[in-house]
Each structure stands twice: as C-alpha cells, then as structure tokens.
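Taken in sequence, the protein lines are chains A and B.
Counting from 1, position 26 in the first sequence corresponds to residue 26 in our numbering; the numbering is continuous, with no gaps.
Counting from 1, position 116 in the second sequence corresponds to residue 1116 in our numbering; the numbering is continuous, with no gaps.
Hints in this document: simulated from the structure, not taken from any laboratory.
Quantities reported herein were computed from a predicted structural model and do not represent experimental measurements.
Accuracy of the hints is not assured; some may be wrong.
Computed from the model, here is a short list of chain B residues facing chain A with C-beta under 10 Å [claimed, not checked]:
#1 1037
#2 1038
#3 1039
#4 1043
#5 1044
#6 1045
#7 1047
#8 1049
#9 1080
#10 1124
#11 1125
#12 1129
#13 1133
DEER-style ranges, computed between Cβ atoms [what the hints assert, rightly or not]:
#14 A/99 / B/1070: 31 to 37 Å
#15 B/1092 / A/140: 27 to 33 Å
#16 B/1061 / A/53: 45 to 51 Å
#17 A/57 / B/1065: 41 to 47 Å
#18 B/1061 / A/87: 53 to 59 Å
#19 A/53 / B/1034: 25 to 31 Å
#20 A/57 / B/1100: 20 to 26 Å
#21 B/1057 / A/110: 47 to 53 Å
#22 A/128 / B/1077: 18 to 24 Å
#23 B/1109 / A/102: 40 to 46 Å
#24 A/116 / B/1068: 53 to 59 Å
#25 A/121 / B/1037: 15 to 21 Å
#26 A/107 / B/1076: 25 to 31 Å
The beta carbon of each residue, even a glycine, is placed where N, CA and C say it ideally should be.
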Amino acid sequence: MKNPTLRRVLVVTTAVSASLGGGIAVAAWTSSGSGAATAKATTASAPTTGTASAITSGLLYPGATGTAKLLVNNPNPYPVVVTRVAAGTGAPTGSGGIGTCTTTGVSWQVQTPQSAVPAGGSTTLTLTDAVAMGSTVDDGCQGAVFSIPVVVTVASS
Amino acid sequence: MSRILLAAGMATVACALAITGLVAVGDAKAEAAWLKTGAGASAAKAVMLAVPGPPAVTAKSCTGSPYSISLSWSYTGSLPPQFEIYGATNKNGTPAIIGTSTATAVTLTGLTARPAVLSVRASAGSWHSVRSTETDGC
Chain A
1 MKNPTLRRVL VVTTAVSASL GGGIAVAAWT SSGSGAATAK ATTASAPTTG
51 TASAITSGLL YPGATGTAKL LVNNPNPYPV VVTRVAAGTG APTGSGGIGT
101 CTTTGVSWQV QTPQSAVPAG GSTTLTLTDA VAMGSTVDDG CQGAVFSIPV
151 VVTVASS
Chain B
1001 MSRILLAAGM ATVACALAIT GLVAVGDAKA EAAWLKTGAG ASAAKAVMLA
1051 VPGPPAVTAK SCTGSPYSIS LSWSYTGSLP PQFEIYGATN KNGTPAIIGT
1101 STATAVTLTG LTARPAVLSV RASAGSWHSV RSTETDGC
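Looking at chain B on its own, in the form it has when it is part of the complex (with noise of 0.2 Å):
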C-alpha cells in the first residue's frame, strides 16, 4: 500500500513541477518591452518684460529725514520676478535703486534721501525693462 501512495505522489509532484516551469516561461515573455529612442525637439519660453505704468503715490511722509512712502503702478502681462524702484533728489538726478518688491505696490520706508522723483522698472536676472515714466514724490 504504501508503494502505491509514495507512486501516486511522485506522480503529482512531477505534474506540478512541469507546470510551474511553464508558468515561468509564460511570465518571462510577457516582460519583455521595447525600447525605442527619436530626436525631435522641446519648447520653452523666456519672460519678456514690459515697462510699467507710472508709479502713483498712495501715501507719503515728507516732513525729514528718514522719508517713507507707498506707492504702486500697472504691469501689463504675466509678473516679473521683481521689480527695482528708482529715487532721485530732483527732476535732474541721476536715478539710484531705493527698494525692490515683486508685486505692483511698495512702500519704502527709512530713505534717507529725499526721494522727489520716482520710477520702476522690471527686472529679472540681468534683463530689465526701460524705466517707467517719472512721476513726482516728495
């Protein structure tokens, strides 16, 4: 009896064995995928910065030194990383950086200058847009 139970199971080993051999085989080719490389081309854009409206002053302190003031302005198009607010003592000066903001409105407080006269530019990196026009301060 038992050398028909020991036959009987080598048997169903042996059939479960070739089975799982061929489960295998099968998975192994459904792996497989092709590769396949082409060139072509990729597309990106660059800002193109525009030159702001003018400043409008929405609040100020004159009276002495140190000066503050707020003040905003328009920007036509998606917004440049910053914009450089330019200051000068009067209608003649050479215009220096006295605050920077990256939305249309500032206000600048501790000038030590007298800012008379004021502009904006748009700046991003070394690109900048020309100079708004000027518009009158303290």
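So here's chain A without its partners, still in its complex pose (with noise of 0.2 Å):
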C-alpha cells in the first residue's frame, strides 16, 4: 500500500460504508423489482340509530330546553366516535300525550358529543339541553315522547 492515492479511496470507501450501517432497510425500499401487491380497504358503513332507554330527567315544557337520548349503532369492524349531530331531515312529532300533539315547537341544536361506540357495538348517547321547546305548543304535547329527525357524524379512531 505504498500508493497514497489508492490508501486514500479505500479509507474513504472504508468510513462511507460504515456510517450506513444503520441504513441497510433504507437500502432494501428503494431496490426495485417488479410485480403487485394488493390491499383492499374496508368499506365504511353509515351509523345507524335505534330505540334509547327511557327519559326521565331534562323533560320539555313550553319555553325550556331538555335532555335527549339517542343510541348509535356502529356496524363497521372499527371504533368510531360520534363528531357531530346535527338535525335532520322531517319535523319532530310527538306521540302518547295526554291529547293531539301537532304542533310540538321542538327543534334540535347541534351537538359535538366526541363519544367513542366499540366496533359492532352500540352506546346511548344522554345529550343535556339537545332539545328546545318554544312557547306555541299543543297542550295535548304534555308527557309526550319525541322522536326528532338527526344526522349523525362519525369518524374512525
């Protein structure tokens, strides 16, 4: 090894080789090579709502807000969890009053619950001051139940 220049590279050649130790799975992405891989992603499935435990606390009356219950169901193989719900499409109606219930004066407000539902699973949402009540409602309205149209949000986590 007398010859300086030829010492000189293979140092060089000896230190750049050693410093990408560390790098050999870089090494292995960008080899190349032909042929497919395939993935499918699961296709997300819409949240559904079902039939919530009884109320028994938040009740309306004419000029209050109240407390509303709903139950998501979420049929996908993932957790979710409710971002928002909004109300829907249809007007509220009001049924096993004490009389006619037609003009109920019951509007939802938007709602940002952020609460999770286990995959397959379902969970019952108890939403304080979720409903309002205006001041022009049937009498027949009182201890009615309410079903009021929503829209329901989720997003995977």
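From these two lone chains plus the hints, build me the complex, please.
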C-alpha cells in the first residue's frame, strides 16, 4: 500500500460504508423489482340509530331546553367517535301525550359529543340541552315522547 | 484526513434525512380518518302535569288584612317547574293567583284579600294542570 491515492480511496470507502450500517433497511425500500401487491380498504358503513332508554330527567315544557337520548349503532369492524349530531330532514313528531300533539315546538341544537362507539357495538348518548321547545305547543303534547330526525356523523378512531 | 471526515459526515446526514422522510410519511397515513354520516332519530320527552293534591293549611293569620297563610300539598311524579296557588274570597268566588312556588309548600304573606278558599295547579310554561280540589283557608 505504497500508493497514497489508492490508500485514501480505500479509507473513504470504508468510512462511508460504516456510516451507512444503520441504513440497510433504507436500501431495501429503494430496491426495485416488478410485481403487484394487493390491499383492499374496508368500506365504511353509515351509523344507524335505535330506540334509546326511557328519559326521566331534563323533560321539556314550553320555553325550556331538555335532554335527548340517542342510541348510535356502529356497524363497522372498527371503533368510531360520534363527532356531530345535527338536525335531520323532517319535523319532530310527538306521541303518547295527553291529547293531540301536532304543533310540537321542538327543535334540535347541534351537538359535538365526541363519544366513542365500539366496533360493531352501540352507545346511548345522553345529550343535555340538545332539544328546545318553543312557546307555541299543543297542550296535548304534555307527557309526549318526541322523535327528532337527526344526522349522525362518525369518524374512525 | 479532513476529506475522510467530510465524506463520512455527508453520508451520515444523507442517511438521517432519508429515515426522517419515511417517518413523516408514516405519520400522515396514521392521521387518515374516515367520516361517515347516517340519518336517524333522537328522543326527548315532555313534562306531563298532574293534578296536585288538595292543599292543607299548616298555619294562618286571618285576624285582619294583611292576611298570611302557610299551606302544603302533594304531587305525584317529578315536580313541574312551578305551582300556582289560587285564592277566592268565598266558595263561589272567582279564584285568582295569589302566589307561586317551586316546591310543594309555601307561606303567603301580605294578602290584602281574605283567602277563604284555596287551590293549587301545576304550571310549565303555557301548560297548566287542572286545579286541585279546594280547601278552606281564612
């Protein structure tokens, strides 16, 4: 190894190789080849709602806000979070009151509960002050249970 | 010697940059979340006003105006937002509101009209129950 130039080249090559010792994986990712890998994403399913348990507090009356219950079903094989519950299409309806309940005066307030629903499971949300009742309400709506159309948005978690 | 160190340093930096870039790509994948909306229905319930039990007089001062009287009554179910207490100066008189209460008992003072007959009704906004059976007052 009398040739100084050749000696320098060998030393530099050795040093660079040593410093790339931890980069073996990088070299593997950047290697090329032909072929096809396949993967399929799960199709996200829309959440559904069901019949919630009885409501015993936060009852409505004219001019007041009240509590709503919402049973959210998650048909997906992964957990989700309920990010938003907004008013849906159609008017709320009331039944089971002391008389005719056509003018309910009930409206929905947008909610952002961030509640978790397990994969393939259900969760009942209790949403305080989620509904409001106006001042013009049929007297027959006393004691009625209201069904309020909503749109539920969930996000994978 | 300095060339050797420079070459080794550049190679190390290049390796570090490559790994950093790959980590950033991995994070971006993890942040992806699916949003899905579905229509459904929520439920709420309204108060149902019951008829209060007839009031019972627990104390009274009926010797002259202003009158005062304490009374209580029963109520089944969850309490309504308010009770209205009605008084009339005689059994066939027109009852008028002489006080309100959020509980099932109240003491009314400073009454200028003699509360000869008393009754109570539940109230929730514009909703009212039927008045209770009347009770003798002063």
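State, for the Cβ atoms of residue 53 of chain A and residue 1034 of chain B, whether the hinted interval 25 to 31 Å holds or is violated.
holds, 29 Å
Should the hint that residue 99 of chain A and residue 1070 of chain B are 31 to 37 Å apart at their CB atoms be regarded as holding?
Roughly 35 Å apart at Cβ, these two residues keep to the hinted range, so it holds.
Cβ distance range 53 to 59 Å for residue 116 of chain A and residue 1068 of chain B, holds or violated
holds, 57 Å
Verdict for residue 1092 of chain B, residue 140 of chain A (Cβ pair) under range 27 to 33 Å:
The hint (27 to 33 Å, Cβ to Cβ) holds, given that residue 1092 of chain B and residue 140 of chain A are roughly 31 Å apart.
At a threshold of 10 Å, is the proposed contact between residue 1129 of chain B and chain A supported by beta-carbon distances?
holds, 9 Å
The hint names residue 1037 of chain B as touching chain A; please verify it with the least Cβ-Cβ distance against 10 Å.
holds, 5 Å
Taking the Cβ atom of residue 1109 of chain B and the Cβ atom of residue 102 of chain A, is their distance within the range 40 to 46 Å?
About 43 Å separates the Cβ atoms of residue 1109 of chain B and residue 102 of chain A, which means 40 to 46 Å holds.
Residue 1061 of chain B paired with residue 87 of chain A, Cβ distance criterion 53 to 59 Å:
This hint holds: roughly 54 Å between Cβ atoms.
Tell me if the interface restraint on residue 1038 of chain B is satisfied: Cβ within less than 10 Å of some Cβ in chain A.
holds, 3 Å
When you take the CB atoms of residue 107 of chain A and residue 1076 of chain B, is the distance between them in 25 to 31 Å?
Between residue 107 of chain A and residue 1076 of chain B, where Cβ atoms are some 30 Å apart, the hint holds.
Against chain A, run the beta carbon of residue 1039 of chain B and see if the smallest gap drops under 10 Å.
OK, holds: residue 1039 of chain B within 10 Å of chain A, min 5 Å.
For the hint 41 to 47 Å, verify it against the beta carbon of residue 57 of chain A and that of residue 1065 of chain B.
With Cβ atoms ~43 Å apart, the hint holds.
Violated hint: 13 only; the structure is consistent with all others.
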